[in-house]
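Residue numbers (the numbering used here), protein chains in the order written: chain H, 1 to 637; chain Z, 1 to 216; chain L, 1 to 159.
In short, the hints are calculated from the structure, not lab data.
Some hints could be false.
To be verified - The calculated lysine-lysine pairs, modelled on BS3-like cross-linking and capped at a C-alpha distance of 25 Å, are:
#: 1; chain 1: Z; residue 1: K106; chain 2: H; residue 2: K632
#: 2; chain 1: H; residue 1: K428; chain 2: H; residue 2: K360
#: 3; chain 1: H; residue 1: K428; chain 2: Z; residue 2: K177
#: 4; chain 1: Z; residue 1: K177; chain 2: Z; residue 2: K106
As the list claims (entries may be wrong) - Below, a sample of chain H positions facing chain Z; criterion: calculated Cβ distance under 7 Å:
#: 5; residue: A119
#: 6; residue: A249
#: 7; residue: G251
#: 8; residue: S253
#: 9; residue: E585
A quick note: this is a predicted structure, and the numbers were derived from the prediction, not measured.
Glycine is no exception: its CB is placed at the ideal position from the N, C-alpha and C atoms.
Here is how the chains run, residue by residue.
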Amino acid sequence: MATTAPPPSASADEVLERLERMWQARPGVLGWVTTTDHKRIGLLYFWTTLVLFAAGGAEALTIRTQLIQPNQSVVSPSTFDELFTMHGLTMIFFFIIPMTTGAFGNYLLPLMLGARDMAFPRMNALSYWVFLASGIFIYTSLFLGMAPNAGWFNYVPLSNAQFDPGHAIDFYCLGIIFNGISSSLTAANFIVTILKMRAPGMSFNRMPLFCFAFLAASFGLLFALPSLTADTIFLFLDRNVGTHFFDVAKGGSVLLWQHLFWIFGHPEVYILIVPAFGIATEIIPAFTQRRVVAFPLVAVAELLVVFIGFGVWAHHMFATGMPTVTVVFFAAATAIVVIPSTIQVFAWCMTFITGNARFKTPLLFIAGFIFMFVAGGLTGIMFLAVPFDQQVTDTYFVVAHFHYIIFGAAVFPIFGGMYFWFPKVTGKMYFELPGQISFWIIFVGTNLLFFPMHIVGLEGMTRRVYTYPSGLGWGPSNLAETIGSYITTVGIVLLLGNLVVSWFRGLPAGPDPWHGATLEWTIPSPPPEYNFAVIPKVSSAYPNWDYADRVEDRRKLAEAAMVLEQGHEQPVTSPIDGWWAEIVEMPHDSPWPILLALAMSLVFVLLLLHLWVGAVFALSGVALALLGWHGKEPQEA
Amino acid sequence: MSDYIAGGVPEPLVPRTTEARNGREVAALAGRRREPSIGWWGMAMLVASEVTLFGTFIGSYYYLRFSDHRWPPPGTPEPRVVVPLILVGILATTSLTMQLAANAAKRGRLWATRALLVCALAVQVGYLVWAVRDFLGQLHQSTPQDSAYGSIYYTLLGADHVHVGVGILLVVWLLWKLLRGLTMYRLNAVQSVAIYWHAVNLLTLVVTGVLLSATI
Amino acid sequence: MSAGREVVPARRETLIAPSPDEHVGRFTLRQLSVVQWIGVVVAPLAWTGQHIVGYGVGQARCEVGVAWNLGFDTWQLALTAATVLLILLSEAAAVTVFLATRETNYGDGPAGKGRWGGRTPYARIHFFATAAMVANVLFLVIVLMDGLISTFTPLCVQS
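Using the sequences plus the hints, can you model the full thing?
Given below as structure tokens:
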């Protein structure tokens, strides 16, 4: 039976050439500024987040230098407040989320799903430009000397107009909402892509575990961000319009801020680590050459940890005097939310043990991740005991816990993932020995940095203190931590330096250096603009190990069958079982995403300056950009 | 060899749906399509996010209510019951007209779609004009700056009116797009805006109920 | 360019689903799919409701003393009982579907032997049923813990 019907005179070569021409990007800087290619957008996110990571790291190093010994004054107390606030905001909103979702997610999801691009390519570009704008917006506050300074969770009444006048908290409120728009758009894009743009035949249970993780994180973002948006809207109104959401004297509630914040904040921490779980769950099969043990349980665990994580928020508020009868709801859910993570850890360890482990650099980082995640998880469970929690709240014990989790469970897989997919993105292989050395330096450094925090926290050192007195015995631990921070920095510089040098001087890598399990290893390195020349055949969750399917794909390529080169074309499937529903024409490169991001930036700047009427008028710019965006329809392209 | 989806319905080919350029082609392809389009899914994601936002506002409303013995606080008038309920009931009928418009578009009937959208728009605009006049009138009696009750009341109600306003702009945009005929893209747009309006109508009903619950 | 340039997929299996009236044990495939979704969705939604209402009743009672003519304990016990019933229903559905689709795998490996191997939708249904069986137990434990403990703890004492 005939396949796609090319004109009678076209040969296989002509069909493939037409595909190449169809997907070719505009040359030069204009090509990057108008790009809708998920791979280019992923790279833009990658480089931008690295710059912001350096900023967050500089903030951390300054904090640690200030705390290296008692009674120092390297920076002033008010600067210190800005530093720890910006460090938290930067690392969470401007490093981990955009690196995992924006960089790894954007680059890899369509490849793993067998798609040619995201469901909404232009919205993808918009997410990046809005993210960049929000980063510039917030960092402008630092350069103007009015950075947010009430901690990353910004509790009222410290952050209200009476105690924090000026623009610092306005930067916080507006910057958070602006950044949240970028993440919400990304989340929506991921969900629709994962549900509708899979290769035909990839039913839900044949989806790679990486995609389950990103689906979970995307649902988390979509449903958690509105709570933070509402919270910051209320605070902005209280500060600038005179409302009383958080004003106890007029019937408001200070705890309302905390509830709304943590209804976002707790799912947020799962959003931070679940994509990293996804990265780990792809690295492990590649380096053990074994399918992951208990596949359906790992998949559901990724979804469950985010879902149950929506119900535990008040465990951040155990010291606020809530009645026990309400506290138990959160303690019970907190006790159970650890179990899906445990299921995953058991599954990964069993895969290690029963597989053929090759400890290349990516797998080293995953081993380090499991070690640190378990350590951080153990301290996490301790917090569900309310009496214990009330003793360690706001001490360095909490700081130790969440840095073990964030650094261990989010950053280590990110570093491992950078090495793992480096050959795919660049077509070159990184240098293995410096890679392994960078792992060990970072591992030693982070443990030296964060472990003593447990001790010093139990000894009573509180968070966010600008300095501490001598004679309490906290000096040696702080000294060790600061040394650990410098060691960690050396390791990270070595890691990034290795990648840069490998880019220029690494050996050619080929499409599949690791014999990985998923579809990105079936295409050339670096991937062509259209990803897949032939729509791939998928029979399981480990498609690159289904040799018969890959042989059939190569046969189709030789015949130029199933190429879909009549336009910018992509198959669309049903959400659950992956039945092929239709073929759609996708948008190409477009200037509208960056233009819309600029229009939105203007609105936020005018709100910051309290020019309310101007901001309303600037909304018309947003409307015009949206009209232009939807002006040309796909069939007219 | 005949490909078919079991059940005896002959369905041999995968359509290039974006290329339907008139009512007849749209009807032919849309009739066979069993799944909502990705445009519909995108709108569903926006709806999910906005519903959650309203959920947080409503949760805050009740949190503040159960932190405060007197609700509304003394000096603040209780909300009127009858007029808002009538208004909301009238607005809710636009869900019917919007859905009929989407169904007509799916069957390729351009003029029916336009007529139904205009009917819906008239009711929506009428509602918003009345609601905004009412809103401004209430501001003379009590303001958001009076108390936490006023703050949450006006924020919740104002947010709802903004969403109705955006919905009106979307319907106007649809009518402008449909001036040049029906394509698959425009069908997807009509279906997407229809679910936006179902969500907004449901939210308006719920928000009205929440604000009126202060009288209980 | 007309809408008629349609594509015949090279693989019929991506386009052809088994008939929804095909029998799998006592169920048709359509019924099996519905029962599978009940097993997946009912328990999480039941917990969500019990969590919000249970916390909300405690908040209302202990902040401003609102009682709605029903004792706090009665509320919590009734809520817990109803939720537990729903979760057990959900679990029964998941187990039933799991057992009915035993002769398939999860689709994470080679097609395999057995009546259906890794074929869609049987493998998908089995996958969801397995996941739901485990997840529902977790929700049951949460609900029993918080429902019973909130009932037997002294009312409105600060933690």
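Hint check:
no., hint, in the structure
1, Z/K106 to H/K632, "21 Å, holds"
2, H/K428 to H/K360, "16 Å, holds"
3, H/K428 to Z/K177, "49 Å, violated"
4, Z/K177 to Z/K106, "16 Å, holds"
5, A119, "5 Å, holds"
6, A249, "10 Å, violated"
7, G251, "4 Å, holds"
8, S253, "5 Å, holds"
9, E585, "4 Å, holds"
Of the numbered hints stated above, those contradicted by the structure are hints 3, 6, listed in ascending order.
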